[in-house]
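Number of protein chains: 2
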Amino acid sequence: MFPIQPAIDGIAGFKASGVHCGYKKDGALDFALIYSEHPCVAAGVFTTNLVKAAPVLVDIERLETNNTQIRAVIINTRCANACTGQQGIDNALLMTRWTAERLGIAEEEVLVMSTGVIGTQLDMDKIRRGVDLAVDALADGETAWMNAAAAIMTTDTRPKAASVLTDFRYKETAGYQYHIGGIAKGAGMIAPNMATMLGLIVTDSRLGDPAMAHSLLFEAAEQSFNSISVDGDTSTNDTLLLLANGASADPAVHYDQFNEFLGDVCLQLAVEIVRDGEGATKFIEIAVQGAQGGERQIANTIATSPLVKTAFYGGDPNWGRIVAAAGRAGVPVDPAQMRLWIKAWDADGDGLLLFENGVPTDYDEAHAKAIMAQADIRVRLDCGMGGELVTVYTCDISHDYVSINGHYRT
Amino acid sequence: MFPIQPAIDGIAGFKASGVHCGYKKDGALDFALIYSEHPCVAAGVFTTNLVKAAPVLVDIERLETNNTQIRAVIINTRCANACTGQQGIDNALLMTRWTAERLGIAEEEVLVMSTGVIGTQLDMDKIRRGVDLAVDALADGETAWMNAAAAIMTTDTRPKAASVLTDFRYKETAGYQYHIGGIAKGAGMIAPNMATMLGLIVTDSRLGDPAMAHSLLFEAAEQSFNSISVDGDTSTNDTLLLLANGASADPAVHYDQFNEFLGDVCLQLAVEIVRDGEGATKFIEIAVQGAQGGERQIANTIATSPLVKTAFYGGDPNWGRIVAAAGRAGVPVDPAQMRLWIKAWDADGDGLLLFENGVPTDYDEAHAKAIMAQADIRVRLDCGMGGELVTVYTCDISHDYVSINGHYRT
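Heads up: the protein sequence lines correspond to chains A and B, in order. Using the working numbering, the letters of the first sequence correspond one by one to residues 1 to 410. Using the working numbering, the letters of the second sequence correspond one by one to residues 1001 to 1410.
Be aware that a few hints might be false.
Just so you have them, the derived chain B footprint on chain A, three or more residues with Cβ under 8 Å [what the hints assert, rightly or not]: (1) 34-41; (2) 78-85; (3) 108-122; (4) 288-300.
These are calculated hints, taken from the structure and not from any lab test. Ideal Cβ positions, reconstructed from N, Cα and C, are used throughout, including at glycine.
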């Protein structure tokens, strides 16, 4: 209804900055700050990894006692502050304290995110410099937001931002307008220990109910950031935050519509992460239906199978690997009831049917190869037993993936 | 107690052959037969994949009605006979019928294994030729067995065989002697759709009880073939068979001792599969303890993590990836209670402690790098909560793995 933009040109009441604190080489941006002039209703979704980084632990605890008065998020790269014990917690808290002092707000109003190497302590001289520079650099407008998006990059090759402006003011009975914007960094590794996904969504709409905000964010994450896979690893630092400051001139919100737009922004960011996956040469949608509730597990098994992912890299229509991955997903399926299609991303119709009734169709191999040669490919597997459609997004495993993750420091 | 040999020099009452039926190029061996002059007690362990190949379905059904009178196993490569519907079943049955006719035994006394491409029907002209040639070539002795081991190879770079001769005859009260021998093919892909593990264990001991034979085989498989990982994919064709013909001059068996030797032979074959893993440059033992029953799940998660496997390939001591993999394994762990060591394969003692009390130790980075530079490495993770020790074996993911699986046909 309203188009998703691949950038943020400003969200009322928010400022952003991205600066160089000394972590990255050649003066590259490596430290970001997001600030709201007004208190925000806030929600967070965090890694399910039981090894949680210090900033994750700090944010979880902070949101438990304060999810209506958040004012800022401070973010560093190159050090995950994970596996760092009490000193790591103390350093994360100090980051928020310094930020609060410089902004003239309360420490409890600041959240923190880190991404980078596991098992090393933060360099607090760099962090101190980052806080000072980031506060001084705060601004609204597109440049500030893109600097922030660039500053949280690790092995990402490009900054990731998305936004939507809704405008329902033509409806006289319920006129309202708001922005939703987000930045994210991808499932990239950083030298040498991490694969962190960080996402931050801000809106100038008014989300009065923190529990509802959390529910909306959780649902949006399920359909976006939790539906993508680069290599199946879950980091210690994965964090997605939502801040709503109600600063729009017409900030009223209808939750069902907000839900849709929030989902669009999150999906755009998530898709960008997969497209920029380490070494990725192909973008693959995997849609699974008819598995009586096991659809997501099957889709994830296919999306994380090294055999499937290398097959896509090679451009071969190796559908047997897809069927075999479905068969080992741990949920009941019957190959005789399966149907499998592939098609080019923008092709109409169902695509090319490869497998049906337990045997391959007499499909045209040249046609299948032509589809697999595309950069963007859709796979659809119907397990034939009824159930919803679940869609996940993944990329291939290439030689560059191995180079990036095997030889990063060499 | 008795050394494991990397070959088979003959098992009383068994004959073997490996011939060229026309599937592989350049006349390479591609069709194998194992024959017993006496009826065998037999047991099988099969893929857990719900997409089961025709030969797997045939063997499962056959062993249900006949597990005391098996005489032969016929094996082809280059075609998995999977996703082939009723025609695939008919062809697998025909393979056993032709074999039985040529050997002068009953069809129900023959088992069958296939490995190769998913989704294509067997070339029954080649199979017919293979049966005739394989029966004619049957012989005892090392050459025949190594031909069989070579004939079942796919992307394996070398044949895999192991055997042990037990000799308890010095014990006057319980004198007995028997051979256990096995051949296997590895978690290699074959153009382009498969990653099949096939294993066949034969013994001239007397296993009177088929249920006990199955129990022994299942347990041995758990500690060997089910404790290795190359890429985490489970094929449609994985099969491990045990045949016992009681043809030894002193074939009595003590099950507890047999269990140990069977385990040794299976482990030797399984380790050979990992060492010959596609593109593998390193062999890694992952031992996990103290996770209150979750040890295997953690060990498997570590062993199948692309991040862990590429880190080993790069030779970097990226222990954070190991801890993070443990944290996402889906079982309760507390990083503060974990301890993680690495050491060279043949080093004494615990090795180098990298992580303890939730933080890295002050280990020597050069020492850690020197260990990671080894070809054979041991990792030990103690989760600190009590529980058994589970050991799994894996290899790294290299550029060659991607080449083999991505570009096999190109």
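Evaluated hints:
1. 34-41: violated (count 0)
2. 78-85: holds (count 5)
3. 108-122: It holds: at least three residues are needed, and the region 108-122 of chain A offers 4 whose Cβ sits within less than 8 Å of chain B.
4. 288-300: Three-residue rule not met by the region 288-300 of chain A, so violated; n is 0.
In this structure, the hints that do not hold are numbers 1 and 4, in rising order.
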